[in-house]
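Student: If you want the building blocks of each chain, they are given just below.
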Amino acid sequence: MVKITIEQLDVTLGHRRVLDKIDTAFASGTLTGIIGPNGAGKSTLARAMLALVPASGTVRIDGEDVAAMPRGQLARRIAYVPQGQTLHWPLSVERLVGLGRLPHLAPMSRIGDADTAAIERAMARADVLHLRHRVATELSGGERARALFARALAVEAPTLLVDEPLASLDPGHQIDAMVLLRAEAADGALVIAVLHDLTLAARYCDRLLLIDQGRVIADGTAAAVLTAERLRAVYGIDAHVETGGDWPTITTLGRASG
Amino acid sequence: MTFAIPRPVLIAALAGLAAVAAMTSLLFGAVDLSLARLIAAATGDGDRVASIILFDLRLPRALLALAVGAMLGLAGAALQGYLRNPLAEPSVLGTSNAAALGAVAALYFGLAQIHPAVLPLLAIGCALVSLGILFLLAGNAESPLTLILAGLALATLAGAGISLALNLSPNPFAAMEIMTWLLGSLENRSFAHLWIALPCIAVGMAMLLWNSRALDALTLGEDAAQALGTDLRRTRFRLLIGTAIGVGGAVAVSGAIGFVGLIVPHLIRPLTDRSPSAILLPSALGGAALLTFADLGVRLIPTTSELNLGVVTAFLGVPVFLLYLMRERRLW
Chain A
1 MVKITIEQLD
11 VTLGHRRVLD
21 KIDTAFASGT
31 LTGIIGPNGA
41 GKSTLARAML
51 ALVPASGTVR
61 IDGEDVAAMP
71 RGQLARRIAY
81 VPQGQTLHWP
91 LSVERLVGLG
101 RLPHLAPMSR
111 IGDADTAAIE
121 RAMARADVLH
131 LRHRVATELS
141 GGERARALFA
151 RALAVEAPTL
161 LVDEPLASLD
171 PGHQIDAMVL
181 LRAEAADGAL
191 VIAVLHDLTL
201 AARYCDRLLL
211 IDQGRVIADG
221 TAAAVLTAER
231 LRAVYGIDAH
241 VETGGDWPTI
251 TTLGRASG
Chain B
1001 MTFAIPRPVL
1011 IAALAGLAAV
1021 AAMTSLLFGA
1031 VDLSLARLIA
1041 AATGDGDRVA
1051 SIILFDLRLP
1061 RALLALAVGA
1071 MLGLAGAALQ
1081 GYLRNPLAEP
1091 SVLGTSNAAA
1101 LGAVAALYFG
1111 LAQIHPAVLP
1121 LLAIGCALVS
1131 LGILFLLAGN
1141 AESPLTLILA
1151 GLALATLAGA
1161 GISLALNLSP
1171 NPFAAMEIMT
1181 WLLGSLENRS
1191 FAHLWIALPC
1201 IAVGMAMLLW
1211 NSRALDALTL
1221 GEDAAQALGT
1231 DLRRTRFRLL
1241 IGTAIGVGGA
1251 VAVSGAIGFV
1261 GLIVPHLIRP
1271 LTDRSPSAIL
1281 LPSALGGAAL
1291 LTFADLGVRL
1301 IPTTSELNLG
1311 VVTAFLGVPV
1321 FLLYLMRERR
1331 LW
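Residue numbers (my numbering), protein chains in the order written: chain A, 1 to 258; chain B, 1001 to 1332.
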């Protein structure tokens, strides 16, 4: 059971306050979608949770301040896939996934049997076993996203933090990615995903955290968060929110007038 | 698909190649010595001339070629991994040029005449000063671009200083001496040079090899690397200090030898799984072999005066660049 608690989190980049007094908490077994318009502070919130940006306030994981935690220790507790994940060298998929074991390796040691087993499990879960010898930079967008996801799974951390995992994926692969995240949460992981697709977020997430201008605007189930009025106020769009089914579906009608 | 040679096989093969290069380097030179005479000299039963040639001339030269080549190859591989740029080499950080400027200053002001150690020490000192300025210029930014820009500014400044020294050179002989040194050479190097360079190279190589995991993590970019437990500040500190000390020490005794740090990782990479850590040690061994063979080449190629090492490595660099270009254009 993992719990991440964020208290009074402020982030100022340059002269702009990107996050403004964020207070929230996340618990194991749930898939939380962080949503909001461009520049709302979603990715900065994700980065602040890993102490990757200078911040005031606190982020605690199981009561421990992440800013004071050694990097290696934090790396074993939160697996992270950044936005627009790049791959600078043409590694094979297996080697790429193997990078996920770096936080577990003692200095000057090599990958052991336990690491190899974790890599196999991660590749199986993300369905990239058949791609293991392919060069990751030569894969299609969907295959590559799965390989990068497998890299994060190989960490076998209790928390999974993914920033815009659906970017550049076609609708089928978007659903595959959300099903994977859902499965991780169902298996007890604490999963947080920064998302733009509101309908997919509503369909798969247990909880949505709507952020705008660095502040939490709404927090709760999709039905509670995604209202037409809120979408108009935050995204500046007119949208029809269909609430009759198991989850709300959103049809964007156009830019909000007036 | 990737076609990596198993790491132990690759390392053994490259170590063997470097050993062959060193043995060949001992066998050939300006004076024709038979293998029997050399073996006799090596076992202490040889004649005085053969002993002097072997122990005072060829052995330190071969050992320096191995050490300098290993340092340059490793520094190139580590910097390419750190900057995530296949065109990076030690000169990108301005280290080589700064060390060269220190050596040129020693020659220009006649300080090199005071003691043989003055020139290399000044070169190493300048490399370290340039590193300090590099840290000041680049600040805390973790982006490789900032570091490259700061390094280029330093390299240009050091290059301008070298040009100034050549321009204002008091006489053509001084200019010629500076020029010869800038083209790189291992001619007439003794064990004294080796003892100056070796500690620097050993420290530099150890600091660079220590970064192998961080370099692998950086394949995924700075944020992901940190999220995988990499301390970027420490990595940068070790990498830059290691390069400055190691390359500074190497350049201090061999002069400026370009392209080894650039071409060796390119030759090695296709034989590995292409991760930055996988090319570090093989690049050191490959660099050692390449520079030793190149140094053998300058002795064996018939020219009126002995070729400079930097000239040979520059010529070797051209086909590698072309190969890379052809691969980029998918012509090969």
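Among these hints, one or two may not hold up.
[Claimed, not checked] Label-pair restraints from in silico Cβ distances:
hint: 1; chain 1: B; residue 1: Pro-1008; chain 2: A; residue 2: Gln-83; range: 51 to 59 Å
hint: 2; chain 1: B; residue 1: Arg-1007; chain 2: A; residue 2: Leu-253; range: 53 to 61 Å
hint: 3; chain 1: B; residue 1: Ile-1005; chain 2: A; residue 2: Gly-245; range: 55 to 63 Å
Because the hints were derived from the structure by calculation, they are not lab data. Since the model is a prediction, treat every value here as computed from it, not as a measurement. Cβ atoms here follow ideal geometry from the backbone N, Cα and C, with glycine treated the same way.
Student: Is 51 to 59 Å respected by the C-beta to C-beta distance linking B/Pro-1008 and A/Gln-83?
Tutor: violated (39 Å)
Student: With respect to the beta-carbon atoms only, verify the hint that B/Ile-1005 and A/Gly-245 lie 55 to 63 Å apart.
Tutor: holds (57 Å)
Student: Could you check the hint for me, namely that B/Arg-1007 and A/Leu-253 are 53 to 61 Å apart, CB to CB?
Tutor: holds (59 Å)
Against the hints set out earlier in the document, a violation occurs for number 1 only.
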